[in-house]
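> Use the sequences and the hints to build the structure in full.
Here the sequence shown stands for residues -20 to -1, 1 to 109, numbered as in mature numbering (1 follows the signal peptide of the UniProt record, and there is no 0).
Just so you know, the hints here were simulated from the structure itself, not pulled from any lab data.
Among these hints, one or two may not hold up.
What the hints assert, rightly or not - Here are the computed distance ranges between Cβ atoms for each label pair:
no.: 1; residue 1: GLN71; residue 2: GLY50; range: 36 to 46 angstroms
no.: 2; residue 1: GLU26; residue 2: ILE67; range: 17 to 27 angstroms
no.: 3; residue 1: GLY80; residue 2: THR29; range: 27 to 37 angstroms
no.: 4; residue 1: ASN49; residue 2: GLY70; range: 20 to 30 angstroms
no.: 5; residue 1: THR34; residue 2: GLU64; range: 30 to 40 angstroms
no.: 6; residue 1: THR29; residue 2: VAL103; range: 14 to 24 angstroms
no.: 7; residue 1: GLU26; residue 2: GLY50; range: 14 to 24 angstroms
no.: 8; residue 1: GLN71; residue 2: THR34; range: 27 to 37 angstroms
no.: 9; residue 1: GLU26; residue 2: ASN79; range: 15 to 25 angstroms
Quick reminder that beta carbons are idealized off the backbone N, C-alpha and C, glycines included.
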Amino acid sequence: MENKILIALALLISSGCSLTDDSQDLSITGDWVWIESTGGIAGTTETPTSTGDTILVTITSNTIRKYTNGSLTFESSYTIQTMESVIYGGQHAMIVYGNGFKQTFRREGKKLYLSDECNDCFVSIYSKG
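Shown next, in the form of structure tokens:
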């Protein structure tokens, strides 16, 4: 019996699966609170403390809304597509906004990473709200 458990555990680990349900959730829908953004030519880091801004991003199945200090500052339809990344190379999942702007994204647990698809642009980190 012990061997069967060890084999099952080894298979689970080698398959890349996790024992926590949270890491299996790849959905980006929901409310996301801004933690920080890093990038630009100077490689600066901005946070709510350094800017004085609170940012909330609300993502539904087809719309993204950005609220800065409680006011709606951006709204767009979007699709998710797999495309060649200028930042990371290779094929990556991207948010493609209605205006054509693209962001590579990845979710790790309760964090969402959005990388602007352009040279010297920003990577922003959000926490599930």
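> If a hint holds in the structure, say so; if it does not, say that too.
Outcome of the hint check:
1. Checked against the hint of 36 to 46 angstroms, the pair GLN71 and GLY50 passes, with Cβ atoms roughly 37 angstroms apart.
2. Look at GLU26 against ILE67: about 19 angstroms separates their beta carbons, and that is inside 17 to 27 angstroms.
3. At about 33 angstroms, the beta-carbon gap between GLY80 and THR29 stays in the expected band of 27 to 37 angstroms.
4. Look at ASN49 against GLY70: about 37 angstroms separates their beta carbons, and that is not inside 20 to 30 angstroms.
5. Roughly 34 angstroms separates the CB atoms of THR34 and GLU64, a value that falls within the hinted 30 to 40 angstroms.
6. A hinted range of 14 to 24 angstroms for the beta carbons of THR29 and VAL103 is consistent with their spacing of about 18 angstroms.
7. The given range of 14 to 24 angstroms is respected by GLU26 and GLY50, whose C-beta atoms sit roughly 19 angstroms from each other.
8. One distance hint, 27 to 37 angstroms for the beta-carbon pair GLN71 and THR34, holds here, with the actual separation near 34 angstroms.
9. Range check, GLU26 to ASN79: Cβ separation about 23 angstroms, and the 15 to 25 angstroms hint holds.
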